[in-house]
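Peer 1: One letter stands for each residue in the lines below.
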Amino acid sequence: MSTPFYVSPQQAMADRAEYARKGIARGRSLVVLQYADGIVFVGENPSRALHKFSEIYDRIGFAAAGKYNEYENLRIGGVRYADLRGYTYDRDDVTARGLANVYAQTLGTIFSSAAEKPYEVELVVAEVGATADGDQIYRLPHDGSIVDEHGSVAVGGSSEQISTYLDQRHRDGMSLAEALKLAVQALSRDTNGGEREIPAERLEVAVLDRTRPQQRKFKRIVGRQLARLLEADGAASTPTDAPSDTEEPDGGETATDTSADTAKPDAEPSGDDKE
Amino acid sequence: MEANTRSTGRLPAAFLTPGSSSFMDFLSHHSPDMLPGKRSLPPLQGAIEAPHGTTIVAVTFPGGVVLAGDRRATMGNMIAQRDIEKVFPADEYSAVGIAGTAGLAVEMVKLFQLELEHFEKVEGAQLSLEGKANRLSTMIRSNLAMAMQGLAVVPLFAGWDVDRERGRIFSYDVTGGRSEELGYASTGSGSIFARGAMKKLYHEELTEQQATTLVIQALYDAADDDSATGGPDVARRIYPIVTVITEDGFRRLTDDESSEIARAILERRLSQPDGPRAALL
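Order-wise, the sequence lines are chains G and W. Mapping of the first sequence onto the UniProt record's numbering: residues 1 to 275, in sequence order. Mapping of the second sequence onto the UniProt record's numbering: residues 1 to 281, in sequence order.
Check each hint, because a few of them may be wrong.
With the Cβ distance kept under 7 Å, some of the chain W side facing chain G (calculated, not the full set) [to be verified]:
1. 9
2. 10
3. 11
4. 16
5. 23
6. 24
7. 26
8. 114
9. 118
10. 121
11. 250
Over the 12 Å line for every Cβ pair with chain G, so calculated as not near, a few chain W residues [unchecked claim]:
12. 27
13. 30
14. 50
15. 79
16. 92
17. 107
18. 110
19. 195
20. 275
Take a look, some chain W residues computed to stay more than 10 Å from chain G by CB distance [unchecked claim]:
21. 18
22. 28
23. 31
24. 34
25. 111
26. 117
27. 122
28. 149
29. 176
30. 183
31. 205
32. 210
Calculated directly from the structure, the hints in this document are not laboratory data. Given the structure is predicted, the values throughout are model-derived calculations rather than measurements. Beta carbons: idealized from backbone N, C-alpha and C, even for Gly.
Throw the hints in and build the complete structure from the sequences for me.
Peer 2: This is how it looks when you write it as C-alpha cells:
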C-alpha cells in the first residue's frame with residue numbers, strides 16, 4: 001500500500017479555493033446596490049423560474065452566484081433559520097447579521113472539512129433599514145469569510161471588474177431608475193472591456209423597498225415596471241407619467257460624474273479573498 | 001454529524017436537508033415541542049378556564065369577501081378583554097377569524113401565517129386557496145386532544161380565489177372538518193344570532209359597502225342576544241374588526257371607516273331596536 005503524497009495545508013486550501021472560484025466564475029455576475037429607498041438586486045438570468053434573488057424574511061434578501069443546487073440549498077436553510085427564529089422569538093429578532101454569521105459558519109465548515117467538496121457559491125445577504133444608514137449588505141465568499149459592504153457590491157465571475165466600475169460611479173441617494181441603469185451598465189461590460197446589450201427579458205431585478213407599506217419589503221420588478229424604469233432616462237423630457245419611483249433621472253447624469261470623488265469614501269476595502 | 005454541527009455554529013443538518021416546503025413539517029422534525037398541537041397535557045378533570053373569543057362572521061359579494069369579528073373575550077361570565085383581535089390576515093389574499101380559546105387561537109394563526117409565507121418563499125409561488133384551507137384543517141385536527149379538554153379553536157377562513165376569481169368562505173369544526181360556505185357564514189357562540197340576521201339581509205348582488213354594513217349588523221344582533229359577544233363600544237371607541245379581501249388583496253377597514261358604519265347602525269337601532277326588517281313574503 002502506497003503512502004499518499006504529502007500536501008501542505010497551504011497548498012490544499014489554495015487548491016480548494018481555486019476549485020471553488022473557478023466554479024463561481026462559470027456563472028454570470030450579479031450586483032447589489034443601495035438606492036434612495038432601499039436595496040436593488042440586478043443580475044442577468046435567462047430563466048424566469050430559477051431565481052438568483054429571493055426573499056428570506058421581512059427585510060432580508062438573498063442573492064447568489066455560482067452553482068444553483070448549492071445556493072438553493074443554502075437559501076432554503078436560511079428561510080428555515082429565519083422563520084424558526086421569528087417564530088421562536090419575534091419577527092424583529094431576525095437580522096441579516098445573524099443570518100450572515102450562520103452562512104459564514106456553514107460555508108467555512110464545508111470549506112475546511114476535507115470530507116466535503118467546497119461549495120462553489122458566493123452569497124450576498126442584505127437587509128433594508130428604516131433609513132439608508134440602517135441598510136446592511138454582507139458578501140459571503142465560498143470560504144466562509146464575511147465582508148461588510150456599503151453602497152454597491154458585485155459577486156460572481158467578473159465581480160472584481162464590475163465592482164471597480166460601480167465603486168467609481170455609485171453614490172448615495174440614487175433613484176431606483178438610476179441605480180438600475182448603473183447596474184445594467186456594469187453588468188454589460190465584457191471581461192475584455194467591450195460592451196454588450198442585455199435585453200430586459202434576460203434581467204432579473206428585485207428590490208427591498210423600505211417605503212413598501214407591507215411588512216415584507218421584498219419585491220420582484222418584472223414586465224412593464226422594469227421596462228418603464230429602464231426607459232426612465234429617455235422619458236425624462238416627458239414627465240406625463242410620473243409615478244413616484246421614476247424620478248428625474250437626468251439630473252443624476254451630471255451628478256454622477258461630479259460626485260465620483262464624494263462616493264469614494266464609501267468604497268469598501270476589498271475583501272481578502274480577491275486575487 | 002448532527003451532534004457536532006452545533007458547536008461550529010453551522011446550520012444543523014436538518015436545515016440543509018432537501019424536504020417539503022412546509023414549515024410545520026420542518027418544525028415537527030426539528031423541534032416538535034414547538035408545535036401547538038404536540039404538547040402533552042397532564043390528565044385533567046373538567047375544562048380549563050381561559051379567555052374565549054366569540055363571534056366571527058363572513059359574507060361574500062361579487063368581487064370579494066368580507067370577514068369580521070367582535071372584540072370581546074370572556075372567561076366564564078367575566079369579560080376578560082374588550083379589545084381583543086380575532087381577525088387576522090393569513091397572507092395577501094386570505095384572512096382567518098378565530099372563535100374559541102384565545103391563547104391557542106392566536107398561536108395557531110401565527111403558525112398558519114408562517115406556514116403560508118414559508119411555502120411562498122421556498123416555492124416561489126402561493127398555495128391555492130383550497131390548499132390553504134386544507135392546511136388549516138390539518139392544524140385544527142392536531143389540536144383535537146386539547147379541544148377535548150375545552151381548549152377548542154374554531155376558525156372561519158375567507159379569501160380571494162385567484163384562479164376562480166371569486167371570494168370563498170370555509171368553516172371548520174373542532175375535528176378539523178372543513179366545509180365551504182356559500183354566501184355567508186359565522187362561527188362562535190353568537191353565531192346562531194348572527195346567522196339569522198345574515199340570512200334575512202343577504203342577497204347575491206351586495207356591494208362591498210353593503211357587505212361591510214351587513215357583517216356589522218350581524219355582529220350587533222349577535223351581541224344583542226349573546227352575552228359573550230361584544231357590541232360596538234362607542235364610549236371606548238372600540239369597533240368590530242372588518243377586513244375585506246378582493247382581487248387587490250387584503251385590506252382592513254380603518255377605525256374611522258368601521259366606526260362610521262357602526263355609528264350609523266346604532267343611530268338606526270335607536271328607533272328600530274331589532275334592526276332592518278325583511279318583507280314577510
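Peer 1: A cut-off of 10 Å on Cβ-Cβ distance, and residue 117 of chain W was said to be off the interface with chain G. Does that hold?
Peer 2: 7 Å, violated
Peer 1: Taking the closest pair, is the beta carbon of residue 28 of chain W still more than 10 Å from chain G?
Peer 2: Given that every Cβ of chain G is farther than 10 Å from that of residue 28 of chain W, nearest at about 12 Å, it holds.
Peer 1: Could you check if residue 24 of chain W really has its C-beta closer than 7 Å to a C-beta on chain G?
Peer 2: 11 Å, violated
Peer 1: Compute the least Cβ-Cβ separation between residue 210 of chain W and chain G, then decide whether it is above 10 Å.
Peer 2: 27 Å, holds
Peer 1: Is the interface hint for residue 16 of chain W satisfied, with its Cβ closer than 7 Å to some Cβ of chain G?
Peer 2: Residue 16 of chain W check passes; min Cβ-Cβ to chain G is 5 Å, inside 7 Å.
Peer 1: For residue 107 of chain W, which was marked as not at the interface, is the minimum beta-carbon distance to chain G over 12 Å?
Peer 2: 10 Å, violated
Peer 1: Residue 34 of chain W clear of chain G by more than 10 Å, beta carbon to beta carbon?
Peer 2: 7 Å, violated
Peer 1: Is it correct that the beta-carbon of residue 205 of chain W has no partner in chain G closer than or equal to 10 Å?
Peer 2: 32 Å, holds
Peer 1: Verify that the Cβ of residue 111 of chain W lies farther than 10 Å from every Cβ atom of chain G, and report whether the claim holds or is violated.
Peer 2: Non-interface label on residue 111 of chain W violated, nearest chain G Cβ at 7 Å vs cutoff 10 Å.
Peer 1: Any Cβ of chain G at or closer than 12 Å to residue 275 of chain W, or is the non-interface label fine?
Peer 2: Label holds. Min Cβ-Cβ 36 Å, cutoff 12 Å.
Peer 1: Interface hint check: residue 23 of chain W, Cβ to nearest Cβ on chain G, cutoff 7 Å. Holds or violated?
Peer 2: 6 Å, holds
Peer 1: Is residue 79 of chain W truly not at the interface, in the sense that its beta carbon sits beyond 12 Å from all beta carbons of chain G?
Peer 2: With a cut-off of 12 Å, residue 79 of chain W remains clear of chain G, as the shortest Cβ separation is near 28 Å.
In this structure, the earlier hints numbered 6, 11, 12, 13, 16, 17, 18, 21, 23, 24, 25, 26 and 27 are contradicted, and the remaining ones agree with it.
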